[in-house]
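K.L.:
Protein chains in written order, with our numbering: chain S, 157 to 455; chain B, 157 to 455; chain V, 157 to 455; chain L, 157 to 455.
Think of the hints as simulated: they come from the structure by calculation, not from any bench.
Be a bit skeptical, because a hint or two may be false.
Note that the list lumps identical chains together, so a pair holds whenever it fits in one copy or between two copies.
What the hints assert, rightly or not - Below 25 Å or equal to it, Euclidean Cα-Cα: the simulated SDA-like pairs (lysine to any residue) are:
1) LYS426 <-> VAL263
2) LYS342 <-> ILE361
3) LYS346 <-> GLY291
4) LYS426 <-> GLU366
5) LYS346 <-> GLN284
6) LYS345 <-> PRO293
7) LYS342 <-> LEU283
8) LYS311 <-> MET171
9) LYS342 <-> PHE276
10) LYS426 <-> ASP273
11) LYS346 <-> GLY306
12) LYS342 <-> MET294
13) LYS342 <-> TYR363
14) LYS342 <-> GLY291
Protein chains: 4
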Amino acid sequence: MEIEAGIDADELVRMMEACGFGARRLAEAVNIYEEMLSGDYTKFFTLAGAMVPAGMRNIVSNLIRDGRIDVLVSTGANLVHDIIESFSHHALGDPEASDSELREEGVSRIYDVYVGDDDFVRFEELLQEIFPEGGDPMTGTELLRHLGSGIEDEKSILRSASDLTVPIFCPALSDSMIGLQAWLYKQTKKLTIDAFDDVGELVDICYDAERSGIVMIGGGVPKNFALQSMLVTPNSFDLAIQLTTDRPEPGGLSGASLSEAVSWGKIGPKARKVTVYGDATINLPLMVASTLTRLSRRA
Amino acid sequence: MEIEAGIDADELVRMMEACGFGARRLAEAVNIYEEMLSGDYTKFFTLAGAMVPAGMRNIVSNLIRDGRIDVLVSTGANLVHDIIESFSHHALGDPEASDSELREEGVSRIYDVYVGDDDFVRFEELLQEIFPEGGDPMTGTELLRHLGSGIEDEKSILRSASDLTVPIFCPALSDSMIGLQAWLYKQTKKLTIDAFDDVGELVDICYDAERSGIVMIGGGVPKNFALQSMLVTPNSFDLAIQLTTDRPEPGGLSGASLSEAVSWGKIGPKARKVTVYGDATINLPLMVASTLTRLSRRA
Amino acid sequence: MEIEAGIDADELVRMMEACGFGARRLAEAVNIYEEMLSGDYTKFFTLAGAMVPAGMRNIVSNLIRDGRIDVLVSTGANLVHDIIESFSHHALGDPEASDSELREEGVSRIYDVYVGDDDFVRFEELLQEIFPEGGDPMTGTELLRHLGSGIEDEKSILRSASDLTVPIFCPALSDSMIGLQAWLYKQTKKLTIDAFDDVGELVDICYDAERSGIVMIGGGVPKNFALQSMLVTPNSFDLAIQLTTDRPEPGGLSGASLSEAVSWGKIGPKARKVTVYGDATINLPLMVASTLTRLSRRA
Amino acid sequence: MEIEAGIDADELVRMMEACGFGARRLAEAVNIYEEMLSGDYTKFFTLAGAMVPAGMRNIVSNLIRDGRIDVLVSTGANLVHDIIESFSHHALGDPEASDSELREEGVSRIYDVYVGDDDFVRFEELLQEIFPEGGDPMTGTELLRHLGSGIEDEKSILRSASDLTVPIFCPALSDSMIGLQAWLYKQTKKLTIDAFDDVGELVDICYDAERSGIVMIGGGVPKNFALQSMLVTPNSFDLAIQLTTDRPEPGGLSGASLSEAVSWGKIGPKARKVTVYGDATINLPLMVASTLTRLSRRA
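Input sequences plus hints: build the corresponding full structure.
P.N.:
Structural data, given as structure tokens:
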């Protein structure tokens with residue numbers, strides 16, 4: 157590698173292609189992502205880990221607005237913090253602060269990011285206001301689309317997905333502040349969301365996806381839900397990128413190798429695939445910056 | 157440490173108490189677990205990672221049958237594999253096998269554990285048979301209790317919980333083969349599970365839990381769902397043990413320190429708490445063996 | 157797994173043999189270690205990480221005294237703390253203490269273990285006293301044998317190795333407090349240790365080792381030095397166990413797979429080998445306890 | 157973060173400053189490195205992990221040639237591969253190749269990088285040729301300076317350090333192929349390198365360093381040797397950056413927090429310091445690219 161002042165993100169990644177270890181994996185991730193975004197693929201994106209509190213929100217919402225995500229699968233927490241960011245900002249904090257003092261001050265900590273109790277109060281007010289009225293049965297994705305349309309901030313992931321009718325799947329929606337608010341709302345009003353209807357909706361998309369690619373940020377439910385939906389179709393993912401800090405050896409799905417997914421039929425035996433081990437708050441921006449640069453040069 | 161032939165698991169752990177690093181953390185976990193199981197605590201247990209495929213099933217079901225778990229929060233996958241274990245056995249495999257060859261042979265791999273396609277076929281048949289008829293609205297925990305009562309194997313986690321009326325919460329049930337089967341079932345029959353009703357059920361338990369303790373195996377949705385339910389009550393966990401391979405620095409909830417949970421009010425400021433970093437397939441058996449030995453000596 | 161009160165360490169490990177993930181690896185490590193200790197092997201043991209401060213000292217010195225280690229390769233720090241333990245004790249501390257306050261109090265921290273400045277003063281006095289007089293050229297292993305003979309505590313690793321004429325190799329001896337003291341000593345007296353003579357000494361042992369086994373605690377210089385010495389002989393290790401927290405993906409030797417060592421010819425293509433990922437302060441005592449139990453049953 | 161096509165590495169890092177987790181740590185690392193390279197500091201750089209085989213060689217040698225490293229502390233392996241790169245190239249390989257087949261083909265694997273046996277033959281020939289004649293006593297750094305002057309390739313780390321009289325410390329030189337070759341050379345010729353003389357040389361530099369900064373790539377002997385040398389002086393490091401995949405919890409020095417080093421007096425209580433967890437083959441190029449860009453804008 158020969159690094160000079162002013163080098164752009166893509167030049168940096170291109171030089172990593174001839175390196176070993178993580179650098180090479182990142183370079184391969186960009187190659188695959190370039191293929192995914194320039195070719196004719198149904199593009200899945202899964203989001204786990206506290207990516208929105210960490211500042212990755214606009215990367216995701218811009219990808220949605222630019223037509224670079226066709227299906228988003230997310231944890232509930234990322235959507236909660238997306239809503240909070242629409243009216244407030246997460247603050248930078250100290251990962252070694254006294255957590256009992258923070259509690260007394262009404263501050264909740266997400267590693268080195270702080271959220272104030274007042275933000276959760278406004279979150280509650282907003283949510284109680286924008287929950288759908290009438291109580292007609294909805295799927296989870298319909299609920300999220302409805303919530304997105306009630307958010308003013310156009311940088312919001314939920315709002316962007318709603319504007320572009322990109323479906324957001326959140327199989328564990330009850331496992332989030334949105335879930336708690338939904339339960340509260342149901343104490344006095346009607347809200348009818350079936351626990352399983354989303355399954356079919358995503359399976360249908362997988363059936364129709366002749367060629368498909370997936371970017372997985374972290375593991376968890378989003379990774380598994382996207383992969384399992386492909387499992388019950390004759391298709392499988394053709395391109396797959398995983399940015400994660402989890403490893404295969406402890407056996408959990410979050411850290412499972414992409415090769416393991418081939419044994420299940422979730423990813424195709426000839427798929428191009430790569431896992432980049434490391435912090436996605438570094439690797440995702442670098443991957444996106446490099447890929448967008450390449451796409452713009454092609455244009 | 158002075159290790160002699162024939163040393164029992166508890167003697168080993170007791171010597172770890174005077175050691176540093178992981179050994180000391182494990183010894184502290186046993187001290188806390190002994191307090192939890194011998195005192196008057198509402199006992200939560202969360203289960204993430206492929207613990208059932210790895211062979212931890214009977215540890216969990218025995219804890220349930222012996223009254224040592226009051227509330228179980230699980231991933232869907234662990235319940236799926238619990239059902240499969242009720243009629244078949246996971247096989248030991250090779251983590252470096254060719255995954256495309258495994259696919260051709262109809263074998264799905266979970267790191268070094270294999271499951272055959274025929275097991276999934278039997279799983280499907282069993283599930284379609286034991287899904288509740290009639291279509292009356294149920295919560296997720298009610299559905300799981302019903303499924304548990306349809307399983308013959310008394311070593312089953314689902315069956316044990318059903319027998320002892322221990323509620324199992326699985327907020328991401330749709331994100332599992334049970335979810336896929338439920339969606340299939342719903343193509344021709346009626347099944348009405350609300351996405352949010354479980355939330356209130358767990359919150360109620362948390363409200364009533366004057367003193368409570370929690371053991372968390374892995375992170376994920378189970379960890380978050382148990383902690384967030386406590387969040388909306390005036391209570392907080394008094395005892396907390398976390399066995400995990402995840403670390404705090406990447407910021408995700410799975411690896412978040414138990415101290416961080418204090419800032420949210422999920423765990424009490426004076427709670428006894430410890431995280432043991434490492435593979436739970438080693439640390440869970442050792443912790444349980446040592447604790448049971450102590451309890452039996454007290455008796 | 158069926159865990160009952162009073163279960164001994166070996167029963168626990170035996171049940172792990174039918175499990176997946178880390179449990180299975182640990183069970184395999186015990187199988188290999190049983191073979192190593194009961195068969196006719198030259199037995200190497202490498203020691204990195206702060207194992208002595210963490211309390212693993214007597215495990216190692218007992219293995220030496222019982223003839224279960226033929227060659228020890230260690231970091232300098234473990235030998236330094238072995239000497240300190242011969243007249244004092246490491247204290248249990250708080251991993252989250254204020255490090256600048258600790259400095260003011262004259263306390264040095266090793267994660268959750270404390271060492272006082274006064275211990276280092278006594279260490280200095282002792283070392284300046286027991287350094288060999290005369291200045292005749294010595295190899296590093298000869299120096300360490302000499303130092304060991306000057307230590308009163310029979311539980312000392314250095315003393316035990318000296319008593320049993322087990323060679324201790326410490327290729328980075330200058331990178332430790334022993335190195336600093338040696339340099340100090342040399343300001344006024346003569347001490348002649350060649351930087352490379354140890355290389356030949358270990359290569360000779362490797363040449364003569366028709367069958368050999370190695371236990372590696374952590375990676376670092378000890379792992380590499382033992383493996384590289386085998387490299388230049390026609391032999392290779394027949395049995396290999398690695399207990400580590402490092403992973404292969406970042407490419408460093410510490411986390412390198414044992415399979416990688418086969419490509420170099422350090423470990424034989426048909427060797428039995430296993431890596432157990434996790435904290436060695438838990439996994440080493442468990443492995444040793446289980447193995448010694450088996451050996452005692454054989455006897 | 158708002159990422160646009162063509163964004164340069166420094167713009168990317170600047171946006172990370174307002175993010176959480178790893179991104180924020182990397183941004184802070186660049187802030188500290190900018191201060192270190194633009195201010196009046198004695199600049200230490202420690203190099204562990206297989207950074208040269210992974211392609212990081214020119215980054216290090218350019219930093220040396222540009223006067224941005226005053227003292228280099230390295231593992232032996234990185235110097236060995238620096239020499240090999242001076243006449244050949246490491247090849248990109250497959251981390252999942254059959255290691256016994258690689259051995260038959262005479263290929264040694266370093267994760268996903270290959271080195272051929274013929275390269276080691278040429279390495280041997282070159283080294284036997286450039287070892288110093290005469291056998292006069294030398295320190296390790298003098299030996300390395302001599303070797304560097306015998307290397308033709310100006311991109312070599314050893315050659316660059318030799319040209320600029322930047323001392324390279326390698327306390328575990330015997331633990332490398334250079335050590336094996338030195339031992340071989342000594343079978344027939346004279347080579348006199350004292351094991352401890354380097355200690356004083358580095359301590360002297362530390363004594364003279366009124367203000368100092370350190371960049372640590374990986375942990376191991378290089379990290380410890382640089383830190384311990386400061387320990388015996390009245391000084392301590394004022395700036396410290398650590399890029400590593402190791403974590404504090406297992407207690408080893410490699411993963412020890414920089415705060416822990418404050419308790420020892422190695423790093424000052426008011427020092428600016430940050431650890432970036434992740435693969436240094438990604439984080440080092442990004443940190444250097446961003447810092448150089450800033451320095452060039454200042455100029």
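K.L.:
Now tell me if each hint is right for this structure.
P.N.:
Going down the list of hints, with the structure as the test:
1. LYS426 <-> VAL263: For LYS426 and VAL263, only the inter-copy Cα distance (18 Å) is at most 25 Å; the intra-copy one is 48 Å.
2. LYS342 <-> ILE361: Answer is between; shortest inter-copy Cα gap is 18 Å, intra-copy 30 Å.
3. LYS346 <-> GLY291: Classified as both; 5 Å inside a copy, 19 Å across copies.
4. LYS426 <-> GLU366: within (15 Å within a copy, 44 Å between copies)
5. LYS346 <-> GLN284: Only inside one copy: LYS346 and GLN284 sit 12 Å apart there, 30 Å across copies, limit 25 Å.
6. LYS345 <-> PRO293: Answer is both: 13 Å inside a copy and 17 Å across each meet the 25 Å cutoff.
7. LYS342 <-> LEU283: within (12 Å within a copy, 30 Å between copies)
8. LYS311 <-> MET171: Intra 33 Å, inter 16 Å, cutoff 25 Å: inter-copy only.
9. LYS342 <-> PHE276: within (19 Å within a copy, 37 Å between copies)
10. LYS426 <-> ASP273: Between copies only: 21 Å across, 49 Å inside.
11. LYS346 <-> GLY306: Result: close within a single copy only, 18 Å intra versus 32 Å inter.
12. LYS342 <-> MET294: both (14 Å within a copy, 15 Å between copies)
13. LYS342 <-> TYR363: between (34 Å within a copy, 18 Å between copies)
14. LYS342 <-> GLY291: Answer is both: 9 Å inside a copy and 21 Å across each meet the 25 Å cutoff.
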